[in-house]
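Asks: Same order as they appear, the protein sequences are chains A and B. If you're matching positions, the first sequence starts at 1 in our numbering and goes up one per residue. If you're matching positions, the second sequence starts at 293 in our numbering and goes up one per residue.
Hint data in this document are derived by calculation from the structure and do not stem from the laboratory. It cannot be assumed that every hint is accurate.
What the hints assert, rightly or not - Within a straight-line C-alpha distance of at most 25 Å, the following computed DSS-like cross-link-like pairs (lysine-lysine) qualify:
id, chain 1, residue 1, chain 2, residue 2
1, A, K243, A, K207
2, B, K759, B, K636
3, B, K814, B, K759
4, A, K207, B, K814
5, A, K207, A, K241
6, A, K139, B, K636
7, A, K128, B, K636
8, A, K241, A, K226
What the hints assert, rightly or not - Pairwise CB distance ranges (calculated):
id, chain 1, residue 1, chain 2, residue 2, range
9, A, D83, B, L570, 34 to 40 Å
10, A, D83, B, Q334, 46 to 52 Å
11, B, D624, A, T27, 17 to 23 Å
12, A, D83, B, K636, 20 to 26 Å
13, B, Y300, A, G214, 53 to 59 Å
14, B, Y300, A, S262, 34 to 40 Å
Where a beta carbon is used, it is the ideal one built from N, C-alpha and C, also for glycine.
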Amino acid sequence: MKLTIEHLSKQYRRDFWGLRDFDIELTPGVIGLLGPNGAGKSTLMRMLATITRPTSGSIRWNDTDIVTSPDDLRAVLGYLPQDFGVYPNLTGLEFLEYMAAIKGLDAPSARRRIDELLVLVNLVHAAKRPLAGYSGGMKQRVGIAQALLNDPQLLIVDEPTVGLDPEERVRFRNLLSDLSGERIIILSTHIVSDVEATATEIVVINKGCKLRHGTPENLVRMLEGKVWQWMIPSAELSAIKQKYVISGIVRRDNCIQVRAVSESAPSSDAQSIAPTLEDAYLSFVAQNGIRQ
Amino acid sequence: MNNLRILYHMMRADFLERTRRYSFLVMLALVMWIGYLSASGQFRMRVPPDHIGIVNSAWVGATMTITVTLLLGWLGFYLVKGSVSRDYETGVGQIMATTPLSRRLYMLGKWLSNFAVLAIMILIMMLEGILMNLTVGVEGMDLLALSAPLLFIALPCMAVVAAVAVLFESVSWLRGGLGNVIYFFTFLAALISTDITAVGNPEKTNNPYVDVAGWRIIGESVSRAAHAAYPNSAGGFAFSITNLKSAKLFYWSGMIWTTDIFLSRLFFMLIAIGVVMLASLLFDRFNPSRVLPNKKRKQSSLRESALETESAPVSQVHLAPLTGTQRRFHFDALLIGELTLLLKGQRWWWYSVAIILIVVEVFSDVEITRLLLVLSWTWPILILSGLGCRESRHNTGQIVFSAPRPLVYQLSASWIAAFAVLAVIGSGALLRFLIAGEILSIMGWMTGVLFIPSLAVALGVLTRSNKSFEVLYVLWMYMLAQKAALFDFMRMLPESHWYFYALIAPALCLTAAFARQRQLMKG
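Let the sequences and hints guide you as you build the complete structure.
Replies: Set out below in structure tokens:
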């Protein structure tokens with residue numbers, strides 16, 4: 001099972017590329033897509049989910065080109081878009097039954113699967129109520145359930161934890177880890193902790209281009225000896241921000257404890273500390289600059 | 293001063309948002325085309341039987357005014373309605389609700405932007421009329437005679453249309469498709485109250501205070517001029533787009549603007565402001581708690597259960613893997629899903645009316661049954677209008693279209709579901725035709741159940757909106773009830789070419805399929 005992306009590009013306007021010359025080969029596991037807003041994550045996700053056609057390049061699912069034959073992938077695809085709606089007059093159960101029919105599940109399998117998923121996303125008690133009365137978090141959980149209906153081999157989830165409370169968020173992360181055995185899961189987010197907890201591989205993306213690709217450990221290792229922590233007077237903060245990539249600040253009395261990425265010690269009293277994925281991510285994006 | 297600034301910016305933002313939409317350009321093109329037909333004398337206003345005015349500035353201005361009040365008075369409502377709904381849907385309304393913006397000011401802003409959109413079309417039409425008059429006019433240009441009817445008659449009419457659009461948006465049950473249908477009949481009633489057939493009849497007095505479209509004001513003046521030239525003229529006035537071979541020309545110098553006319557037009561401006569004030573009283577200011585009591589109870593019980601659910605203990609669940617055969621496509625399941633989507637949410641009285649119509653059709657005279665069938669097939673208008681555009685309206689497109697073969701499976705299933713609903717709802721008439729041995733009526737019935745869902749799917753996919761079908765279909769069925777042969781797809785009238793629609797139906801389905809395919813390709 002593999003998903004191969006070669007020279008993938010999406011041009012929206014003459015002078016604006018959503019994604020440019022993107023290459024990657026994915027095998028089973030959880031792949032975290034990290035990038036700032038507007039980096040091109042959702043563009044990539046929509047092309048992988050066969051919603052948007054690329055301007056150039058290819059996407060192959062087990063050597064089948066999904067641009068020309070999207071149905072081969074669609075049969076085994078689960079997709080949770082970042083922004084989606086539901087039919088307000090249907091109950092949660094009816095909506096999932098409808099989605100199961102659209103995905104081609106037979107009635108007994110659909111019923112069993114929906115029962116399992118309702119328990120999994122904690123919506124058993126609300127299943128027979130109209131979706132119009134669901135909270136944002138509950139709708140998000142319906143979205144998660146529909147993405148898992150057909151036991152997908154490729155699961156694409158775009159900002160899945162938006163609207164979930166902390167408990168549900170942890171539950172969803174665990175669910176992704178449990179599901180990751182024999183399928184490819186692509187998780188897009190800008191919340192580093194979500195990726196850190198679940199991803200076996202991370203792709204950092206910015207301005208429509210791939211910046212880094214590796215395991216979380218490898219990406220963090222790239223910053224060994226480059227993350228520093230020291231105290232500064234409050235007045236110096238803006239000057240420090242100009243000079244270094246700041247990954248954290250904590251106010252203490254009249255001073256500020258700064259955490260920053262730098263090739264060498266920024267101050268004589270700066271201490272080298274263990275890097276985190278957040279340090280690495282901020283550093284990679286800062287080196288590349290933010291898209292205007 | 294601050295309020296004026298707020299009003300200006302609300303109107304500006306809303307105006308820009310709307311004039312950058314495709315629908316605005318389509319309507320503008322339509323208005324310009326109508327303007328061209330009017331100014332070039334192809335769209336004729338005549339005093340029966342065959343008296344028409346010489347094409348001069350006054351005649352062009354009056355013809356343009358009547359055509360534009362008809363076109364924008366009806367379609368303009370649908371064009372401008374939706375700005376408050378958009379604020380609900382996008383959440384911008386909730387942000388506005390947290391500002392000191394008052395309900396009255398908000399509604400005034402919406403009205404002004406509605407009015408500006410309609411007024412700009414009239415002004416463009418006026419410029420077109422001036423240009424046409426300068427180039428093809430047989431007499432010299434009289435700017436006042438051309439522009440005054442548009443400014444003093446059409447603009448106040450547009451002010452009322454803009455205000456009614458705001459009013460409909462401030463009442464939750466008028467905000468959707470039902471409001472679209474109700475407006476059609478409201479507009480029709482307003483035109484009928486004008487009673488243009490009585491123009492020139494001294495026994496019937498002209499009340500300009502019910503003449504929102506201003507048709508009778510113009511008609512009276514034109515009719516008088518025709519009568520002066522040809523004392524045998526029948527009075528009243530009509531439209532014609534065909535050439536009258538033996539037309540008798542008369543000279544009309546334009547309206548005589550009396551104080552009474554000005555006061556009546558001012559009255560409609562005040563009515564418009566009054567309607568906006570009423571709308572501001574009814575408007576809930578994006579407060580979800582200001583809903584009907586039973587709806588409120590339902591929602592609060594939902595919230596309670598939501599809380600209960602959200603705090604429920606977490607259990608370990610095992611997801612059983614699915615095999616390939618379990619994933620094989622089953623059309624029957626999808627069809628049931630589409631039927632559920634169509635019918636879910638309808639109240640008991642909706643089904644009651646549908647059943648009563650079916651039963652009454654069986655036991656009525658065949659002629660009455662035909663009329664009842666028109667009503668039966670109009671009844672599910674709000675259900676049918678969701679076909680082809682439901683995914684856009686509810687933002688489910690990304691989920692639905694990432695499933696296998698969305699074009700072949702989902703679109704065809706939704707068409708068949710609508711076909712089934714129409715067949716059931718028209719089954720009383722079918723049975724009656726079978727009993728009466730009306731073979732042609734049975735074939736007309738079959739054409740109807742093929743044509744209606746095809747039209748709905750095609751319009752839904754092409755426009756991605758339910759509005760277009762609601763607007764066109766209600767007019768269509770009204771014309772059918774009026775026995776207009778051109779609109780007859782169900783063989784109500786022996787002289788109609790109903791069988792054409794049996795050919796148009798598959799063409800509409802193909803159009804819908806091509807359009808959906810393009811949408812899927814473009815993403």
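Asks: All the hints need checking, so say for each whether the structure fits it.
Replies: Each hint tested on the structure:
1. Between the alpha carbons of A/K243 and A/K207 the distance comes to roughly 22 Å, so the proposed pair stays at or under 25 Å and holds.
2. Taking the CA atoms of B/K759 and B/K636, the gap is about 20 Å. The hint holds against a cut of 25 Å.
3. For the proposed pair B/K814 and B/K759, the alpha carbon gap of about 23 Å is at most 25 Å, so the pair holds.
4. Note on A/K207 and B/K814: the hinted pairing holds, with a Cα-Cα distance of about 22 Å set against a maximum of 25 Å.
5. Distance restraint check for A/K207 and A/K241: the Cα-Cα separation of roughly 22 Å lies within the 25 Å cut-off, and the hinted pair is therefore satisfied.
6. Proposed proximity of A/K139 and B/K636 is supported: the alpha carbons are some 19 Å apart, at most 25 Å.
7. A distance of roughly 13 Å separates the Cα atoms of A/K128 and B/K636; the hinted pair therefore holds under the 25 Å criterion.
8. Restraint check for A/K241 and A/K226: the C-alpha separation of about 16 Å stays at or below 25 Å, so the hint holds.
9. Range check, A/D83 to B/L570: about 36 Å between beta-carbon atoms, so the 34 to 40 Å window is met.
10. Evaluation of the 46 to 52 Å hint for A/D83 and B/Q334 yields a pass: the beta carbon distance comes to about 48 Å.
11. A beta carbon spacing of about 37 Å between B/D624 and A/T27 contradicts the range 17 to 23 Å that was offered as a hint.
12. Between A/D83 and B/K636 the CB atoms are about 24 Å apart, so this pair conforms to the stated range of 20 to 26 Å.
13. With their beta carbons about 55 Å apart, B/Y300 and A/G214 fall inside the hinted range of 53 to 59 Å.
14. Hint check: B/Y300 to A/S262, Cβ distance near 51 Å, so the stated range 34 to 40 Å is violated.
Hints 11 and 14 from the list above are not met by this structure, while the remaining hints are.
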